[in-house]
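Colleague: For reference, the chains in residue letters:
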Amino acid sequence: MTATFSPAASFKRVELDPLAAAVQDRFRASVSLSRGDGGVALSIMLLEPSSLSELCKFLFWDAGCSFGGLIVEERQGKWRLSYLFLAAGSGWIEMLLQVPSSASSVPSISSEVHAADWHEREAEDLFGLQFEGHPRLGDFVLHDQVWPEGAAPHRRLQRKSMDAHQAYFRRRPNPDWRPLLVVRDPGAFAMPVGPVYEGGLGQSVHFLLETVGEDVVRAVPRLFYNFRAVEKIAEGEPVSRALLLAERFAATSSFAHSLAFSLAIERMSGAEVPVRAKHLRILLGELERLRHHAGAITGICESTALAVAASQAAIIEERLLRASCQFTGHRYLFGLNTPGGLRRDFTNESFAELLKSVDLAASDLRVLEERLNFTSSFLDRLEDVGLVSPDQARDLNFMGPVGRASARCHDLRLECPYGGYEGYTFEVPREVEGDGYARLRVLFQEAYQSANLIHQAAERLQPGPVTARCEAPFGGVALGWAEAPIGAALHWVRLDEAGLVERYRIITASFNNWHGFRVAVEDFAFQDFPIILATFGLSATECDR
Amino acid sequence: MSFWFWHGIRKGVQTTRYPRAPESAGGVTPGRPVTTEFHFAEEAALAAANCPVDAIAADGKWARVDLRRCIHCQRCHFGEPHALEWRSDYEWATAPTEKYEALPRSYRRSLHIIVVDAGDCGACLHEVKQLNNPLYNMHRLGMFFTATPRAADVLLVVGPVSENMRGPLLKTYEAMPDPKRVVAVGACAINGGVFGHTFMSAGGAASVLPVNLEIPGDPPPPLAVLDGLLVVAGRKPLVLNESPVERNA
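Residue numbers (this note's numbering), protein chains in the order written: chain A, 1 to 545; chain B, 546 to 794.
In case anyone wonders, no lab produced these hints; they're calculated from the structure.
Idealized CB from N, CA, C, for every residue including glycine.
Wrong hints could be hidden among the right ones.
[Unchecked claim] Chain B residues, not near chain A, derived (Cβ > 10 Å throughout):
| # | residue |
| --- | --- |
| 1 | H552 |
| 2 | F585 |
| 3 | P679 |
[What the hints assert, rightly or not] Coverage of chain A stretches by chain B, computed from C-beta distances (three or more under 8 Å per stretch; other residues unrestricted):
| # | region |
| --- | --- |
| 4 | 227-234 |
| 5 | 303-311 |
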């Protein structure tokens, strides 16, 4: 019972002009609207911080925009906070709030837009900026047992910009530190999982599962074990070096991230990417999605201990890794994207080989899906497990396949096309049940769509150059985005007058989806936990950066 | 659900014959740059300047490669006039000290492994995980991932060791019984890779733990990790084919 919708019918377009008029009308005294630049369609400058939360509520709930993320920047003696919203079909809306550096707090919007919760906690930890009205700040990116309060390592200290490579005061781990427990019932206890579990084959995440017995009452994920401060390391580096970071902070979707970064630089410099490179980028991006989804399906089969199916899915994934390597020279598609296009071209024979591998993978996946659909012991463990209702999905702004399994249709390829997706025909699969099985079906359908897109891209290729000249401009700001396999990836870059990175902000779907992950786990039994985790297919390293 | 049984059987044996015979399937390894002789010293200097992580050093007409630093960015691989020769092998484990001391004989066919993701980007961890899939199937060699450090003989460290993982990594190491070996998998675990040494990254496992073996690459393919594990188990001598190549351009 897979219900797929044609792209035109699947998302509700939000028109910019009526929206701008409504904002102007409702918040007359406190806003100043302008056409945005650097990838932003509309820029709303907020003059009155007190109406921040009202305006965000209006954009998110009344106007129907989805939340993109929060970009905090310390610039010219001011805090510059930029809240991104996506008006589906029309582009990005940037809501800008500037307060003097001396101001230590800004209003919180988390109680209106729940998806902003973690963004504010992150900003508090890294910049020391307080969000008034936020129920729980602290102990987030910088874990409390090691880091002192008020560390704020991302700040530029007294104009003497903090060097990412300098040692930082770190206290010895406090053995008496205990996490904050939420459940206070008699007999309640917390079951800790991680950060090293499954023989270390799981990613570094810690879960505090609070329970009174069988069911998980509260789940508190503790992330940022993999935090490498990529945004801070990039500061002061040339674009070519920041590109390496964009590519390598989350390898399972490295192509999408390097693409989003390259798009931002291209937008800033005004470089026009050659047509051949555009099609090749779509081909490679979809190859990555196909491989990623094969891996996610392997994970789901493994979590239910269905050994044969897991093995078969793993073979499909490994074959795709090999095909990627034969085609591009790297199993994870490193070293291909560059601002201006692609670093290298491919021969016609290698396309034939690749298409053969893709077809084989797609047909193997179809066989696998059919068999899984007839394995009742497997379906029993997925159906009605890890439920996320459409309302919750909207509330928590779920992105990627997880959101699309709960009736959302958030896909940047459709809602805000980039890099040439406008000319392609594809469907964005959508399910409404919001359980583990729905998420599995979405993964399968998306994999088939990707295989199809790879064919379309290969057919459109015409001989030509794959790289255009793209010099990093001296000063500028731009937003680049791409739909990574896990969901929307936003890369926001500001270059200084020397052409070096001044501030780099990466917003990933994993960060957003980890925030909402708890609703799927709560009220389910312990033995469902690994399965729910697998059906979400989240990446800790993409979240942590 | 008996069809799974038949489905599995019908697929036949997919497993590589390595280490009995070399694996020649396409795409099992990205290969590696090797020390190359150019016609002119200027070309070698260009090749060295082109490398973003200083893995290539110019020495007259020679461009010498330090594989431990290589992040497989491929900037010295394709097309460009100063491209180096690449060798597509995968047996490239190295020892940080003069000589690697293998585990005692009793470990040769029973090796228990624990992995710690210490700030990894996901690639190395993913490649290590691939050793469990039927195409590599490391169980046939008596190697197993174990869920507890108490039962582990080998610690695979992936990632540059982020500050928040320093504690869990040390705890895992201390919980392992002697004799034990630590293997740094990937450029990040060897020297920090692109993340380097910062306030949030220790710049490699060696700054926290005694490392016995290094497996370069970003990420090293599963066969390179398997090769390293065979060396750890004492089933294979540690040899790296470092013979340089003359560029036949």
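Colleague: Compare the structure with each hint and give your call.
Modeller: Hint-by-hint comparison with the structure:
no., hint, in the structure
1, H552, "6 Å, violated"
2, F585, "24 Å, holds"
3, P679, "5 Å, violated"
4, 227-234, "holds (count 6)"
5, 303-311, "holds (count 4)"
When each numbered hint is compared with the structure, violations occur for hints 1 and 3.
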